[in-house]
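Throw the hints in and build the complete structure from the sequences for me.
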Amino acid sequence: MIELEDLWKVFGTDEQAVLREARRSLPDQEILKRHRAVIGVAGAQLSVGHGELLCIMGLSGSGKSTLVRLINRLLEPSAGRVRIDGQDIIQLGNKALRELRSTRIGMVFQSHALIDHLSIRDNVALPLEIRGVARTQREDRADELLAHVGLTGLGDGRVRALSGGMQQRVGLARALAADPDILLMDEPFSALDPLIRHDLQTQFMALSADLRKTTVFVTHDVEEAFRIADRVVLMRAGRIVQIGTPQQLLDQPADDYVARFMGHTNPAYREKKQPLEARENA
Amino acid sequence: MSEGTAREQAIDRFVGSNGPYYRRAFKTIGERKGYVPSFNVAAFLLGPIWLSGRRIWSAFWPFLIADLLAVVIIAYALSGGDSVDLAARANQLEDLAARRQVEAQDASAQNAASNLAKSLSRSATALQQAAADARETAEQAQADTWLFTAMGVGLLAASRLLQGAFSNHLAERRFRAWRLEGDAAKGGFSLPSAAAAAVLLAVLVPTVLLSFADRTLFQAVPSDPTWNSRAAEWLDGLIAAISFAVRPAAIGLTAGISAVLGLMENALTATPWPVVMALILAVAWQLAGFRVFLLTFVAISYLALLGYWEKSMQTVALLGTAAFISIAIGIPLGVLCGYNKRVAAFIRPLLDFMQTMPAFVYLIPVIALFGIGKPSGIIATIIFGIPPVVRLTALGIANVPPSVREAAIAFGASRLFLLLKVDLPTAAPSIMAGVSQTILMCLSMVVIAALIGAKGLGEDVLHALQYAAQGQGLLAGLAILVCAIVLDRIVQGRGRPSH
Numbered sequence: 001m002i003e004l005e006d007l008w009k010v011f012g013t014d015e016q017a018v019l020r021e022a023r024r025s026l027p028d029q030e031i032l033k034r035h036r037a038v039i040g041v042a043g044a045q046l047s048v049g050h051g052e053l054l055c056i057m058g059l060s061g062s063g064k065s066t067l068v069r070l071i072n073r074l075l076e077p078s079a080g081r082v083r084i085d086g087q088d089i090i091q092l093g094n095k096a097l098r099e100l101r102s103t104r105i106g107m108v109f110q111s112h113a114l115i116d117h118l119s120i121r122d123n124v125a126l127p128l129e130i131r132g133v134a135r136t137q138r139e140d141r142a143d144e145l146l147a148h149v150g151l152t153g154l155g156d157g158r159v160r161a162l163s164g165g166m167q168q169r170v171g172l173a174r175a176l177a178a179d180p181d182i183l184l185m186d187e188p189f190s191a192l193d194p195l196i197r198h199d200l201q202t203q204f205m206a207l208s209a210d211l212r213k214t215t216v217f218v219t220h221d222v223e224e225a226f227r228i229a230d231r232v233v234l235m236r237a238g239r240i241v242q243i244g245t246p247q248q249l250l251d252q253p254a255d256d257y258v259a260r261f262m263g264h265t266n267p268a269y270r271e272k273k274q275p276l277e278a279r280e281n282a
Numbered sequence: 001m002s003e004g005t006a007r008e009q010a011i012d013r014f015v016g017s018n019g020p021y022y023r024r025a026f027k028t029i030g031e032r033k034g035y036v037p038s039f040n041v042a043a044f045l046l047g048p049i050w051l052s053g054r055r056i057w058s059a060f061w062p063f064l065i066a067d068l069l070a071v072v073i074i075a076y077a078l079s080g081g082d083s084v085d086l087a088a089r090a091n092q093l094e095d096l097a098a099r100r101q102v103e104a105q106d107a108s109a110q111n112a113a114s115n116l117a118k119s120l121s122r123s124a125t126a127l128q129q130a131a132a133d134a135r136e137t138a139e140q141a142q143a144d145t146w147l148f149t150a151m152g153v154g155l156l157a158a159s160r161l162l163q164g165a166f167s168n169h170l171a172e173r174r175f176r177a178w179r180l181e182g183d184a185a186k187g188g189f190s191l192p193s194a195a196a197a198a199v200l201l202a203v204l205v206p207t208v209l210l211s212f213a214d215r216t217l218f219q220a221v222p223s224d225p226t227w228n229s230r231a232a233e234w235l236d237g238l239i240a241a242i243s244f245a246v247r248p249a250a251i252g253l254t255a256g257i258s259a260v261l262g263l264m265e266n267a268l269t270a271t272p273w274p275v276v277m278a279l280i281l282a283v284a285w286q287l288a289g290f291r292v293f294l295l296t297f298v299a300i301s302y303l304a305l306l307g308y309w310e311k312s313m314q315t316v317a318l319l320g321t322a323a324f325i326s327i328a329i330g331i332p333l334g335v336l337c338g339y340n341k342r343v344a345a346f347i348r349p350l351l352d353f354m355q356t357m358p359a360f361v362y363l364i365p366v367i368a369l370f371g372i373g374k375p376s377g378i379i380a381t382i383i384f385g386i387p388p389v390v391r392l393t394a395l396g397i398a399n400v401p402p403s404v405r406e407a408a409i410a411f412g413a414s415r416l417f418l419l420l421k422v423d424l425p426t427a428a429p430s431i432m433a434g435v436s437q438t439i440l441m442c443l444s445m446v447v448i449a450a451l452i453g454a455k456g457l458g459e460d461v462l463h464a465l466q467y468a469a470q471g472q473g474l475l476a477g478l479a480i481l482v483c484a485i486v487l488d489r490i491v492q493g494r495g496r497p498s499h
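In the order they appear, the protein sequences are chains A and B.
For the first sequence, the UniProt record's numbering gives the first residue as 1, with consecutive numbering after it.
For the second sequence, the UniProt record's numbering gives the first residue as 1, with consecutive numbering after it.
Hints in this document: simulated from the structure, not taken from any laboratory.
Honestly, I wouldn't trust all of these hints.
As the list claims (entries may be wrong) - Going by beta-carbon spacing under 8 Å, a handful of chain A positions derived as facing chain B:
| # | residue |
| --- | --- |
| 1 | Asn72 |
| 2 | Arg101 |
| 3 | Ser111 |
Unchecked claim - Over 10 Å on every C-beta distance to chain A, these chain B residues come out as not near it, computed from the model:
| # | residue |
| --- | --- |
| 4 | Asn18 |
| 5 | Ser38 |
| 6 | Leu69 |
| 7 | Val72 |
| 8 | Ser79 |
| 9 | Ala150 |
| 10 | Ala232 |
| 11 | Thr269 |
| 12 | Val275 |
| 13 | Lys341 |
| 14 | Leu350 |
| 15 | Ser444 |
| 16 | Ile448 |
| 17 | Gln466 |
Bear in mind that the values here come from a model prediction, so they are computed numbers and not experimental data.
We put the CB at the ideal spot given by N, CA and C, even for glycine.
So, in structure tokens, the structure goes:
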């Protein structure tokens with residue numbers, strides 16, 4: 001369970017001053033220009049349930065990547081709380097934070113972010129290496145995961161030799177290596193071409209139905225959100241505009257912006273996902 | 001004015017005034033490939049002032065200098081050219097000859113047969129001859145001034161003709177840049193800029209004319225030798241104070257360097273030479289392949305047969321110590337620079353300074369601090385050799401993709417893990433390039449290091465230089481070159497597949 005309470009992120013030198021002004025009223029361009037600051041996330045209030053797959057949607061610059069990086073403190077919040085199973089992770093010291101990252105949180109990046117000079121297997125095993133797992137053990141685990149994502153027997157190769165889709169599978173295997181209970185995915189499929197993206201979505205859905213990880217999934221693709229999300233968060237200029245199931249956002253948009261955003265999808269391609277309860281009963 | 005195609009209207013906006021002329025000119029220029037003649041009379045007449053008004057600085061400065069040079073030549077020629085100095089010299093000689101003549105007459109009046117009188121009269125004759133020669137040369141020079149004048153006028157004409165012939169083309173190129181960037185500062189004709197150029201010419205040209213009208217006017221550059229000597233004295237004091245203050249540290253450092261050097265030298269010279277040679281050959285083969293092995297074999301044969309073996313091992317020990325210390329300091333420093341922009345901003349000018357400063361200059365304080373001998377040579381070598389490894393390490397670290405580092409952090413990596421498992425391996429190719437460059441830089445210092453008592457091949461070159469022994473010098477220099485090539489090939493060969 002992830003809970004975000006009144007979470008803020010201001011980029012710039014004068015974080016706290018901008019924050020005070022922004023809390024009083026909606027910051028206009030002038031405040032931002034005066035402080036040369038950018039507001040990444042403004043007062044996010046959100047909770048993600050166990051095993052839930054939550055999509056964060058929004059246009060470029062709406063703060064969705066920033067929000068997901070606040071959850072594992074890749075970025076330090078300017079204000080607010082992040083709780084994981086009740087524990088406030090903002091209070092964690094360096095060592096405890098590293099421990100949390102290496103045991104409980106897996107992350108997938110849009111740019112793969114794989115390490116060139118390591119083999120594919122060593123890339124997958126990286127989180128285990130960081131945790132200090134012995135070499136033979138982590139290599140076995142990495143091979144197992146590679147098989148899981150459909151890359152059986154490719155562990156010896158180099159990352160560079162793989163296609164974009166395959167590299168992203170390696171990234172996914174790496175995120176799962178430490179068997180975390182939380183998955184953070186920052187536009188993992190956005191850079192792939194449509195067919196491969198669809199394949200990977202399908203595979204990911206199967207995997208995620210299997211593993212039941214609490215997942216925060218960033219995307220700008222409404223169709224993708226429809227396919228995979230239990231609930232959707234729509235962000236605009238750092239603020240959360242609406243939270244709900246994809247259908248709710250479509251049927252009862254909170255405002256004009258939501259309606260327009262959701263409108264840019266072809267209903268014919270919308271595959272609806274079964275509600276969480278229905279899947280759990282199945 | 002506002003009629004015509006979009007291009008023509010843009011031309012109007014670009015030039016500000018005289019649109020129709022430039023419409024036609026740019027059209028002609030654009031119509032065919034290559035150079036199309038198009039002469040701009042305004043540019044021909046105004047020269048640099050026109051270019052300045054159009055703010056075409058890349059052409060303004062060369063043409064301004066060409067114009068000024070032409071003025072200088074003409075003024076020089078018109079004011080008499082070389083003949084002024086030569087005539088002055090002839091006058092001097094004539095004076096001297098006349099005086100000597102008088103002295104000779106006086107002497108012969110006293111005693112016509114004396115040696116003094118004879119030598120004075122000989123001297124007077126010689127001086128007269130010299131004076132006559134000088135006078136002739138001066139007159140010749142006077143006659144030649146028309147040539148100088150013609151050269152100056154020719155230069156001015158050529159410069160202006162070029163400006164007239166190319167100005168429209170330059171303006172057209174500027175027009176395209178202006179359209180691309182929409183930079184208002186590139187369009188139009190700037191009266192202030194033109195005026196500034198005119199003022200510049202109005203100051204410089206009369207100054208030139210004045211200085212040739214009265215040649216004594218700007219002969220001496222205003223300088224005060226006492227400032228120089230006072231500053232030097234102050235620096236002397238400073239260096240003395242520093243060398244006194246850091247004496248204990250300097251002694252420690254010298255001892256440390258000597259220890260490393262001793263170890264290396266012993267390893268290379270105390271070990272029987274066949275063993276050392278065999279090891280070097282084996283390493284070359286293993287790391288860089290068969291061709292480098294062959295090269296190394298030839299190189300070692302050269303060094304051994306011509307009697308440079310011992311000395312080249314001393315050189316390699318010296319260089320090895322310097323390179324080792326450079327790398328041991330340089331890589332951590334480079335990593336620091338790669339991580340921290342502020343440190344980098346502080347270190348970078350320091351490195352520039354170390355690389356640009358002529359080695360002879362910092363030899364002086366190095367001697368003051370560390371005395372004469374091998375450790376000083378090594379320190380001087382390090383100063384020159386360390387910049388590349390620092391720079392390239394910093395570059396490699398700074399070029400590690402941020403996304404890769406972010407991913408490692410997201411999986412809980414510590415700073416040490418990031419450094420050892422992500423940053424350094426990713427930056428390794430760049431770091432290796434730095435190491436190889438540092439080694440070569442160190443080698444290029446051996447002769448200079450020999451100046452302050454470092455032994456080895458450098459010493460031989462130095463001796464050859466002192467006694468102008470060309471053959472010896474070339475052979476020793478070649479030995480250094482051979483060492484450099486072998487070292488470079490072996491270090492470069494590292495990491496390459498060895499077949």
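* Checking against the hints above, which ones are violated? -> none
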